[in-house]
Amino acid sequence: MSLGTGDLEQIMKLFEQSNFSELKLKTGDLELHLRKDGVVPRASAAAQAAPEPVMLAPSAPAASALPALGPDEVDVLSPLLGVYYRAPKPGEPPFVEVGQAVEADTIIGIVEVMKLMNSVRAGARGVITAIHAPNADMVEYEQPLIRIRTAG
Amino acid sequence: MAIRRILIANRGEIALRVIRTCERLGIETVLAASKADLGSLPALRATRTLCIGPAPAAQSYLSVPTIVQAALSSACDAIHPGYGFLSERAELARLCEAEGVTFIGPTAGQIEAVGDKLRARAEAEAAGVPVVPGGPASSRAEAVELGRRIGAPLLVKAVGGGGGRGMKRVDDLAGLEEALALASAEAAAAFGDDRVYLERFVARGRHVELQVLGDGAGTVIHLGERDCSVQRRYQKLIEETPAPGLPDTLLNDLREAGVRFARRLDYRGAGTVEFLVDVDRQEFYFLEMNARIQVEHPVTEAVSGIDLVEQQIAIAAGEGLGLRQEDVRLAGAAIECRINAEDPSRDFMPSPGVVKQAVWPAGDGIRVDTHIGSGSAVPPFYDSLMAKIIAHGPTRADALARLRQALDETQIVGVASNIAFQRRVLADPEFAAGGVDTAYLTRLAQREPALMEA
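Protein sequences, first through last, are from chains A and B.
Residues in the first sequence are numbered from 1 upward in steps of one, following the working numbering.
Residues in the second sequence are numbered from 153 upward in steps of one, following the working numbering.
Chain A extracted, bound-state conformation:
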């Protein structure tokens, strides 16, 4: 198989959004080596490390755990760190569900920061294909919240 410029751009974008620090890819006569700024191999930090404390379990799936984006799919990212709510109030139906069509200005959820509610809009027109973040969980800045298959 051969990769075009668009494919490479897609790979780089995925890598950028992932939690991986390094990517090596070899296919045919193409060799790709990506590394993120500021990342050094873990070994150099570990050389002087004390015993590691018990790891905290991540509360939400990391971006890298999500299936790759399709060609016409986009993820809606959280605009800030906060608590993600899928519904306007507890017990009320969610703003959006999988399969639902949305407009760019459709509200898809709320991110709360210290009792301040920030509504998040879809930003694209299309159909929701996945809800990534669980209700009432903390989401980080730019963590994917939902996925949309864009239309036109």
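It is worth saying that the hints were derived from the structure and are not from the lab.
The structure presented is a predicted model; accordingly, all values stated were derived computationally and were not measured.
Built from N, CA and C at the ideal position, the CB exists for glycine as well.
Hints are not guaranteed to be accurate.
Computed list of lysine to any residue pairs in SDA-like fashion (alpha-carbon distance at most 25 Å, straight line) [said to hold, decoys possible]: (1) Lys187/B x Pro134/A; (2) Lys187/B x Ser119/A; (3) Lys115/A x Lys187/B; (4) Lys115/A x Ala227/B.
According to the in silico footprint, chain A covers these stretches of chain B (three or more CB under 8 Å from chain A) [unchecked claim]: (5) 213 to 225; (6) 382 to 394.
We have chain A already, so just place chain B on it with the hints.
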């Protein structure tokens, strides 16, 4: 209350330094990092790293609600603010108090008390701590009388002024009345306010500060002083302890004054009381108090053997001071050199970029606090501090010899640095003699223009 998980609301070397103590104490760390710092060494080293916002600090490191939300959502017991950013923002301490998160630092009230210069000065006077002699002069007769008490040389400053405007230096009191009239007229023209005040002019000053620890209930101890007189435009570049060549009586008075000041506030946590030492008059004056851990705290740790971050955490956890003044033993001398990503040949312009190679020194009495390894980024959004190299030895000469050798081993490739500049300062006989004043670097640069070459 036991502290088991700490949110670190900072970046760079201090974030990594706090993580290190937490690891030793078995405390989990959650690093609140901006998008620009997700690949940094502290981000890789923390138990967990949260992306709190985009690179600009205003939307990440300086966002009080985001920091507290991150601490609450990741079930942290406490927040360590480091230095800079939110470390001296009463708003953060207050929100922590309201939300039941332990703020590792003083109370919001204490931060406010020392953050307001006029109030801090009043507190110092009330605690019997000397301040720079001076005051407002409403009438001519009053000003002359005040001038006589302050003594020459003195400065006549405009109340509404700043940046040196509306300021007159008086070397002979005979010229005071004329200077007052002139300064007053200039102030009226420039600021629409003709009020002036007088202040003693310190021709040669040294910056000497006292490290204190308080339990928040009136007990305060000190861990000795630090001399930070090697400065460029108020940026400290080399710090050391003890302050070389200060008379014992002055040093003892300064230490007692610093403790008195912190005790008056019932100060809680680690703090630093800054003084200006008037070299010619052999007196000292209170400048301000910094209500946080200082960049240069490792020199104090080197001579005292006390981990200041551990003390901060213990005090915040309500364990009080585990030390009495007589438990504090200061041994030897320590000197710290700041390694910045800045270019001395281009007026110390910051030089962000990717560090292709970083070689740090090691050896007897050498400590390096850094967040920079080969491949690390120096983002353009934050300060340019890459590392602090600290040398400790039985005497100042030993410490200096070790520091010189350490700097010879140090290499940074990929960004400009002040390493060569610092090497030249350490090699200078005047610095080696000890006890330089705050104008020293300016003099050195005039004497040796080659100093500014990279």
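Verification of the supplied hints:
1. Lys187/B x Pro134/A: Distance of about 22 Å is within 25 Å: holds.
2. Lys187/B x Ser119/A: holds, 21 Å
3. Lys115/A x Lys187/B: holds, 23 Å
4. Lys115/A x Ala227/B: holds, 17 Å
5. 213 to 225: Check passed, 6 qualifying residues.
6. 382 to 394: Since 0 is below three, the answer is violated.
Consistency with the previously given hints fails for number 6 only.
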